[in-house]
Amino acid sequence: MKDERPEPESLIADTLAPATDQPALRNYVDQALKLNGLVLPAEEIALTAAEFERGLEIIAPLLGFELPDRLDLAGTFRA
Amino acid sequence: MTLVTADAKVVADAIRTGQSSASAVIDAALDRIAANNPRINAFTALMEDDARRQAEAIDASMREGKDPGPLAGVPFAVKDLYDVAGHVTRAGSKIHAERPPAKKTATVVQRLQNAGAVLLGHLNMEEYAYGFFTDNEHYGRTLNPHDLTRTAGGSSGGSAAAVAAGLVPFSLGSDTNGSIRVPAAFTGTYGLKPTYGRLSRAGSVLFVSSFDHVGPFARTPTDLACIYDVMQGYDSTDPVCRDVPVAAALPGLATGIAGLRFGRPDGYFAEVIDAPSRAAVDCVSAALGARAVAMPNCLDAARAAAFVITSVEAMAGRQVELSSRYADFDPKTRYRFLAGAAMPGAWYAKAQAFRGWFAEAAKEWFSENDILVMPVSPVQAPQFGQSEAMVEGSALPIRLLLARFVQPLALLGYPIVVVPVPGNNGLPAGVQLMGRPFEEDKLLRAAAWLETNGVTRSDIAVGFRED
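Residue numbers (my numbering), protein chains in the order written: chain A, 15 to 93; chain B, -4 to 462.
Misleading hints may appear alongside valid ones.
Said to hold, decoys possible - Sample of chain A residues with no beta-carbon within 10 Å of chain B, all distances over it, derived:
{"no.": "1", "residue": "36"}
{"no.": "2", "residue": "56"}
{"no.": "3", "residue": "74"}
{"no.": "4", "residue": "82"}
Said to hold, decoys possible - With a cut-off of at most 27 Å between alpha-carbon atoms, the simulated DSS-like pairs for lysine-lysine come out as follows:
{"no.": "5", "chain 1": "A", "residue 1": "48", "chain 2": "B", "residue 2": "61"}
{"no.": "6", "chain 1": "B", "residue 1": "89", "chain 2": "B", "residue 2": "327"}
{"no.": "7", "chain 1": "B", "residue 1": "89", "chain 2": "B", "residue 2": "99"}
{"no.": "8", "chain 1": "B", "residue 1": "61", "chain 2": "B", "residue 2": "89"}
{"no.": "9", "chain 1": "B", "residue 1": "99", "chain 2": "A", "residue 2": "48"}
Since the hints were made in silico from the structure, they are not lab data.
Keep in mind that this is a model prediction, so the values were computed, not measured.
Ideal placement from N, C-alpha and C gives every residue a C-beta, glycine not left out.
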C-alpha cells in the first residue's frame, strides 16, 4: 500500500482548483446546487460553501490515497 | 430499588411471576417520565393511552394463564425515526412532523411489542439523524443526565439519556456513523450496533442507507442480549436485511470469555485521545488480555470515505425536502445536507471503491483476534457550545474529534457493542468491542463478563436515582 498523501491545502487546490478562491468556490457550489434542483439565495450558498470547505479537511486523506490498480469501482461491499 | 428503575429482565420476571401487574409498572413509569423528563428533554412524544391499553392486555393474558412474552410489561421508548402505527414519525424534523401518522409499526418495534414490551413514546434526536449533539432546533436539546450542561451525544441522544436517567430500562436508536456508539459512551449505557443487515430497518426513516443500522441501549448486557434476540429474524420488507439464521445471544451469555482472542488496535486508535478515554480502553483491554494489533495507515482515509458517502447519500435522501423546504431545516444540519450536493461524483466513486478495499483489509485484523477493543470517542461528553477540547496538549475542534473512532468503522458494517466505564471525574467513557459479521453473541458474552467482573458498569445518573 502506498501512502504518499500531500498536504490538505495542495489537495484542495489540485482537486478543486477554485477552492481557495471564495467567489469561485461559491460559484461552484451554486452550480452544483442548481444541478440538484436547489436554487438558493446568496447567503445560503455562502454558508453551504463554507460547510463544504470545512469538510475538505476531513476528505483530503481519501483524495490522496492510492488504491490498488484494477480495483473494481463498482464496489463489492457486503458485511 | 423499585420496579420503576429496575432493569428489563427484573421487570419482566416480576410481571411473569405475578409479583406485579404490567399496569402498575407502566403507570409508575409514566409518572416518573412526567416528573423527570423536563430535566433532560429526552421524549418528543408520549403514547400513554396505547401503553396503558397494552399493559391491561398483558395483565388480562396473565389472568387467562397465557404466556405474556419474555419482555412482559417492560417499558421502552424509541428514537423518533421509528414508525408507530397511529403516531407521526418526526425524525427530528419540522417537515416530517406535518406528515400523517404511520399506518404500520416498524418491524423491530412490533417484534418487541409482540414479546410483551410496552412502548411509551418517541425520543429526541438530531434532525434526520445528522449530528452528534442532539441539539435540535425544533425539539430542543437533550441534556446528559450525568451533567446537565453536557450533551448526551447524538444522534440518538434521547434514547441514551432516557436509559441513563432511568426513565426506561431500554430504548432503540440508530447508528450510521456512530449515533448509537457515541451517545452510549457519553451517557454510560450499553449500546449495540449489530451487523449491517442483521436487524430489519423496515419502518424507520433512513439517513444514509448503506450505513444505517438499528439497535438498542440498555443498562445491562443481559437486557441488551434479551432485546437483541427478540428483534432478530429476516424481514423481506427491508432490502438489506440478510436472511441469516437467528443466533440467540442470551443462552450463552454467561459462558465467559474462554476461547475468545482479544486485540487492541494501535496507531490511529491509540492517538488523539484524552486521559480519561484512554484509561477506559486501558482498563477494558487489560481485563480482557488484549494484545496489540497493528493497524494500516489508512484510517484517516477510511473516515474520509465514510464522510463522502454520508454527504452524498444524506443529501440524495432529502433532496425533495431541501428543494422545497430548505428554510424549514435546522440551520445546524441544513448546510451539511446542502454541501453534499457539491460533492463530485468521482469522490463518491473513490469512497465506494475504498470501502470495498478496506473491507477486505479489515478481515486480516481478525485473523488472530475474535474481538477488537477500541475507544468510542477521544473525549468525554462535551458541554453545549464547546467548540474545542484539549487533547494531548492541543486544543482540537470538537467537530473533528467526536467521529474520529466511530466513523471509519461505519464502512465495515461489523457488529459493535459499547461497554461503559465510569470515570473518576463523574463522567463515563465508552469502549467499542468489534467482532466479525454476525458474531454479536461473542461481543455480548464479553460485555457480560466485563460487567460480572466489575470492569464495566452502567449506573442510573446520580441525580436521577430513587435513593
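Hint by hint, here is what the structure shows:
1. With a closest Cβ-Cβ approach of about 14 Å to chain B, residue 36/A is found to remain outside the 10 Å limit, as its non-interface label requires.
2. Every CB of chain B lies more than 10 Å from the CB of residue 56/A, the least distance being 14 Å, so the non-interface label holds.
3. Here residue 74/A does not stay apart from chain B, with its beta-carbon only about 7 Å from theirs, under the 10 Å limit.
4. Against the 10 Å criterion, residue 82/A falls within the reach of chain B, whose nearest CB is about 7 Å from its own CB.
5. Proposed proximity of residue 48/A and residue 61/B is contradicted: the alpha carbons are some 61 Å apart, above 27 Å.
6. Taking the CA atoms of residue 89/B and residue 327/B, the gap is about 14 Å. The hint holds against a cut of 27 Å.
7. A threshold of 27 Å between alpha carbons decides the hint, and for residue 89/B with residue 99/B the separation of about 21 Å falls inside it, so the pair holds.
8. At roughly 43 Å between alpha-carbon atoms, residue 61/B and residue 89/B are farther apart than 27 Å, so this suggested pair is violated.
9. A hinted pair counts as satisfied when its Cα atoms are at most 27 Å apart, and residue 99/B with residue 48/A does not qualify at roughly 36 Å.
Hint compliance for this structure: hints 3, 4, 5, 8 and 9 are not met, and every other hint is.
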